[in-house]
Each structure stands twice: as C-alpha cells, then as structure tokens.
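Join the two chains, each given in its own frame, into one complex according to the hints.
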Amino acid sequence: SQTIHQWPATLVQPVGSPLSLECTVEGTSNPNLYWYRQAAGRGLQLLFYSVGIGQISSEVPQNLSASRPQDRQFILSSKKLLLSDSGFYLCAWAPGTSGKETQYFGPGTRLLVL
Amino acid sequence: EDQVTQSPEALRLQEGESSSLNCSYTVSGLRGLFWYRQDPGKGPEFLFTLYSAGEEKEKERLKATLTKKESFLHITAPKPEDSATYLCAVRDDYKLSFGAGTTVTVRA
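Chains as they are written, first to last, in the working numbering: chain L, 1 to 114; chain W, 1001 to 1108.
It should be emphasised that the hints constitute simulated quantities derived from the structure, not laboratory data.
This one's a predicted model, so the numbers in the text were calculated from it and none came from an experiment.
The beta carbon of each residue, even a glycine, is placed where N, CA and C say it ideally should be.
Errors might be hidden in some of the hints.
As the list claims (entries may be wrong) - Covered by chain L, according to a simulated footprint, are these stretches of chain W (three or more residues, beta-carbon under 8 Å):
hint: 1; stretch: 1039-1052
hint: 2; stretch: 1083-1096
hint: 3; stretch: 1099-1106
Claimed, not checked - DMTMM-like mimics (lysine to aspartate or glutamate), calculated; alpha carbons at most 20 Å apart, straight line:
hint: 4; chain 1: W; residue 1: Lys1042; chain 2: L; residue 2: Glu22
hint: 5; chain 1: W; residue 1: Lys1042; chain 2: L; residue 2: Asp85
hint: 6; chain 1: W; residue 1: Lys1095; chain 2: L; residue 2: Glu101
hint: 7; chain 1: W; residue 1: Lys1095; chain 2: L; residue 2: Glu59
Isolated chain W (complex conformation) (with noise of 0.2 Å):
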C-alpha cells in the first residue's frame, strides 16, 4: 500500500527564516508527486506536480525537489501570508495518496 509521510506536523518561523518540509513516500509506480497548499476551511490549491528524480519546480518564494524516495518543498524568506497547510501527494495509476500535512505558522 502507497504511503506517505510528511514532517514536521507543524512549524512555526520567524519572516524571513527560511526552512524546509519534508515528504517521503513508497510507492510501486510513482507517476508524480504532488504539492499542494490548504487554507483554514478551504479546498486545496495546487502547487506543483514533480515527475522523476531530480526535477526542481519554483514558484515565488517556495521551490519543490524530488528524490526517489523523498520531496522537499523549500519556503525562502517566508511572509506571514505563506501561513497554511502544506500538503504532498503521490499518484499511482489514477489514485492521489495524501500525507497528513505540516501546518506553517509564519509570525511577523
């Protein structure tokens, strides 16, 4: 069974400390990884979607990687509003598996 697991859970930053969020997975046929980010009481919105090792997506202040067995999503000098939840995924075949999410809290 397709697993994925994010880390931390939660983080919390000062503006303009930058830091990274983890996400690693087992799956039989990887066909993407996805980024996504969640506000409070909203649907995800899509971030990224990565294919094979190696590959980097940027987009403003957050730059997505992938291993072969784990991505990481790199927020540089992060303002309040980058404040959700990040959520990554995994497709096999026609099936999305989610990780539970790492919540970040940027403070001002």
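Chain L on its own, in the form it takes in the complex (with noise of 0.2 Å):
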C-alpha cells in the first residue's frame, strides 16, 4: 500500500528565515506530486504541482519554490519567510496521469511565522 510523510510536523520560523518541507511517497513510481497551503476557515489553495523529477509548475506567485529531486520526494523552499507564509502545508500525491486519479494527501505540517 501507498503511504505519504510530510515532516516537520510542526515547525515555528522567524520572519525572514528560509524554510525547507518534505514530502515522501512509500509504494509507487512516478506520482504526481502536489503542494497546498490551507489557512483557517479556508479552502485548499494549490501552490506547486509535479508530473515528473525536475518538473515543477507553480499556481501562485510567491516567495516560496519547489523542488522534486527524486521521484517520490517533493520539497517545499523558502529563502525568507514572510508572516503571510504561516499556515498549513499539505502534500498530496496521485497515481499517474489517467485524468481522473484522486488525490492523496499526507498529514500536513503546521507553520507558524513570527
């Protein structure tokens, strides 16, 4: 069976630091791969996508990037953290590119940035 893990699982950054998430994927090959960020009381905003390594396409303009060095890996990069950064950051991976593979997400890693 397939498993996602995303650490840290809570992290606390000062304004102006960098930042580095990890994702990885157990029992598949060449997932797509996904990161959200969700803030409170809204839905999940789609930031980075990947269909392959070294494959990267951004949804929103930002201070963040994203990086896919391995098949199942999938990270999450700052240079400098902003206030507006903190939030909850998901990953999400699906089985191909069939067009109608659901998404699986992993358990999230809370960012607060003061």
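Right, dumping it as structure tokens:
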C-alpha cells in the first residue's frame, strides 16, 4: 500500500528565515505530486505540482519554490519567510496521468512565522 | 475560473439527526467531484469521487450524489465520530479546486 510522509509536523520560524519542508511517498512510482496551503477557514490553495523529476509548475506567484530531486520526493522551500507564509501545508500524491486519478494527502506541516 | 461553494459553513447535529451538506460548482470541464473528510490538525482523507450526473456513492452513514451543478453529502443517523470538516473539490484537468468546507459537529 502507498504511504505519504511529511516533516516536520510543526515548525515555528522567525520572519526572514529560510524554509524547507519535505514530502516523500512510498509504495508507488512516478506519482504526480502536489503542495497545498490551507489557511484557517479557507479552502486548500494549490501552490505547486509536479508530474516528474525536475518538472515543477507553479500556480501562485509568491516567495516559495518547490523541487523534486527524486521520483518520490517533493520539497517546498523559501529563502526568506514572510508572516503571510504561516499556515497548514499539505502534500498530496496521485497515481499517474490518467486524468481521473484521486489525490491522497499527507498529514501536513503546521508552519507559524513570527 | 472554477468556483466551489459549500453550505452551510457549520452544522450542529444531534446524534441520529440526518442532514445534508451542499457543494455547488462551476467548472468548464468537470473531470470528477471529490469529497474529503478532514479532522482537526490532520490531512484530508478521501471519501468519494463522482464523475457524472446521477451517480451516487455510499460509505457507512455517508452518501454522495451529483447533479450537473451541485453535489450533496447526506449523513444518515450520524454519530459523534462523524464530527469533522467535509471538503468538496472539483477537478478540471490536473487541478483540484476546493471549497472552504462544512464543519459538522455531532452531539451525543
């Protein structure tokens, strides 16, 4: 069976500091990978998605970036965090490119920027 | 731009009191409507996918239905463990667009 991991679970960072969140998927190959942000009382906002190693598409202009160095690894980064980057970050995977695949979510990372 | 609106924002039910959640959507080319359950501080858990009007899916006390403009999630005889936020999303090509969710609280 497939498993998705995210770490850390919780992170408190000062404004202006760098960020690195990691997501890994087990039990599948060549998944589509996604990063979402969820603000309190709002729906999930898609930030980035990837259909393969080194292939990243950005949905929202911001000071965040994403990378996919390995098939089942997806990293969300920032060089300098802003207060507005606080939120709940979710990684998701989907099995391939059939066009009907369901996205499955990880446990999330709670980020608080102070 | 795709839009997904969920109502009500919050729903408080007595145990055993059945009710329905609504998800209305506008999308240029629907390629699936998804329901997820999210517990506080956790990632969304997949419940159902519906692809065409008239389709229905059931799981325990939950039943999802789909029309051309909206979907309903019916909760029959809910229990306290059904308390959660229920998220609806529509798929247009690769992207899922989510509603803000309905938070359901079931009191014993």
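Structure-based check of all given hints:
no., hint, in the structure
1, 1039-1052, "holds (count 8)"
2, 1083-1096, "holds (count 7)"
3, 1099-1106, "holds (count 3)"
4, W/Lys1042 with L/Glu22, "holds, 16 Å"
5, W/Lys1042 with L/Asp85, "holds, 19 Å"
6, W/Lys1095 with L/Glu101, "holds, 11 Å"
7, W/Lys1095 with L/Glu59, "holds, 10 Å"
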